[in-house]
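Engineer: Keeping the supplied structure of chain A fixed, place chain B upon it in accordance with the hints.
Chains as they are written, first to last, in numbering that gives the first Met the number 0: chain A, 0 to 160; chain B, 0 to 427.
Source of the hints: derived by calculation from the structure; they are not laboratory data.
Incorrect hints may have been included.
As the list claims (entries may be wrong) - To give an idea of the chain A side of the interface with chain B (calculated C-beta under 7 Å), a few residues:
id	residue
1	Leu3
2	Leu12
3	Trp33
4	Val46
5	Cys47
6	Gly48
7	Ser77
Glycine residues also receive a C-beta, built at the ideal position from the N, C-alpha and C atoms.
As a plain string of letters, each chain reads:
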Amino acid sequence: MSSLESLYQQTILEHAKARHGGSLSEVAACETSWPAGTGQCHQLNPVCGDEITLRLSVSGAEGERRIESLEWLGNGCSISMASASMLSDLAGEVDVDELATLIEEFRTVLRSRGTVEGDPEELGDAAALSGVSKFPARVKCAMLAWVAAEDALRQAVATAA
Amino acid sequence: MNSGVPLTDVEVLRIRNDFPLLAHPVNGRELVYLDSGATSQNPLSVLEAEQEFYEQRNSAVHRGAHTLAAHATLAFEDARATVAQFVGAREEEIVWTSNATAGLNLLAYAFSNASVGEVAPEARRFALGPGDEIVVTEMEHHANLVPWQELCRRTGATLRHIPLTDEGTLDLEEAARVIGPRTKVLAFTHVSNVLGTINPVPELVGLAHAAGALVVLDACQSAPHLPLDVKALDVDFAVFSGHKMLGPTGIGALYGRQELLDALPPVTTGGSMITTVTMDHSGYLPAPQRFEAGTQPVSQAIAMAAAARYLSETGMDRIHAREGVLAQRMLEGLSGIPGIRTLGPAAGVERAALVSFDVDGVHAHDVGQYLDAQGIAVRVGHHCAQPLHRRYGLSASTRASAYLYTTEGEVDAFLEGVAGVRGFFGVK
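Looking at chain A on its own, in the form it has when it is part of the complex (with noise of 0.2 Å):
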């Protein structure tokens, strides 16, 4: 497999296009103020001008507390779009301990350099996004989303009952 090939599998190419969990609308991703448990953040790359706005819920009482829901809105290279499709599929799965594990996890795979694979059980199809960590003018293309999950989690968890 030729390193392009690598870096842009059929699998990110795919999620590139499907875009999972990229509903949420014009009118909400311009909203300033949210409900309790949801945070809401916007990460633009100033690079590529990449940019999104994820929104992130929870639910539950303290200690299981769980994603209820994350949704964003988008515009950028397949890589960014990729991972935040990627990203959206695990948070359905996860409480909000294991995200935040998560989130970590996918972080040192980037920062690698190639040498730190990423666990397809842990991060399913975001793994293979693995290859990215070898270009580092992309990584942040890939951490685009995650770093605004960080801080839309943050966000839901502080303002949570």
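Structural biologist: For chain B alone, coordinates are given in the frame of chain A:
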């Protein structure tokens, strides 16, 4: 304007031998360097000029009485004369800056300094305040926009702009309406770094001068690529960068009409720019020294002059003519590829040898990555011109920019690369 005979393919191949970097493979492929609009490569004569300075003349300029210091000062001032001649200016009218951005900021801060506190009588003509207007254009690089936004914020002046047409040119009818008695400064680019548009400098200068406004020309994309004569264009100030015209980074120049530069308040103050200093007060040297406080980038200035000599010896008219041929080849090639939308003037219109384009269904970053895997270096993103991209409904584009060392074969390799993009990303 295109009076020169284009450089021939044989001449271009000979030119390429002067550029060591062009022979270095990238990703196992022959390098196709189409990012000279961002930064150009350096010929051996430029690299050698810098090395020769450090090996034989390195010393402090404009201070010290020893032989080396005299040699260094001479070389430094010769470099100024060379660069001045390159753009049709007198040597006293060229101020070294670290790049064009620094030159524009120098001007904006000098105007600021003329607007607050105790101001020398000759500097009052540069003062700005509420009711005054600065005019820029919608196609500006952020370097020729943000410093003016900040100047307006500091002084209370208003920033206005000349809009773009759908064809990628300035709306001159609108320009005639925007530029008026309140206009104090008109700042615009000679050649758009995204559209390749060559702006009608005489018309715009005519409008500005009729309104009594000063003209600042961003010559970053013109000084390297076409014969530039700041006197003939009658601009009041101009800026350009060394690294876009075969020189090193860290050096650029600000041109200003002498009587203006001598009246303009200094910005960076300190050593080497003063006459008499007491504990309370200082007097300042005339230009260019009044703007060159502290130790200057001497070897870079000398290398930039070597770059100017290389370009002059090659012939700016011939470079410009050659680039005109390459521009049309790129533009025509791109317009034959399905799903490609080029920005800027259509084929047949004179333009710079840079073409920005959008690939339907594929983000610019992905286009650039795909081309890079084939050794083709292009620029992707907003090219420091977000308002321009917004105007055309885009957040980013891909830009290929050629120079005197670009071959037709490279343009063809690039076109072939672009033709493969949508297939690779599965876009129909």
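Engineer: Work down the list of hints and note, for each, if the structure agrees.
Structural biologist: The hints, checked one at a time:
Hint on Leu3 of chain A holds. Least Cβ distance to chain B is approximately 4 Å, under the 7 Å limit. Nearest Cβ of chain B to the Cβ of Leu12 of chain A: about 6 Å, under the 7 Å cut. The hint holds. The beta carbon of Trp33 of chain A is not positioned within 7 Å of any beta carbon in chain B (closest approach about 26 Å), and the interface hint is therefore violated. A hinted interface residue such as Val46 of chain A counts as satisfied when its beta carbon comes closer than 7 Å to some beta carbon of chain B; here the least separation is about 6 Å, so the hint holds.
Evaluation of the Cys47 of chain A hint against chain B yields a held restraint, the C-beta minimum of about 5 Å falling below 7 Å. Taking 7 Å as the C-beta contact cut-off toward chain B, the hint placing Gly48 of chain A at the interface holds, the least distance being around 4 Å. Interface hint at Ser77 of chain A: satisfied, since its Cβ lies 5 Å from the closest Cβ of chain B, which is below the 7 Å cut-off.
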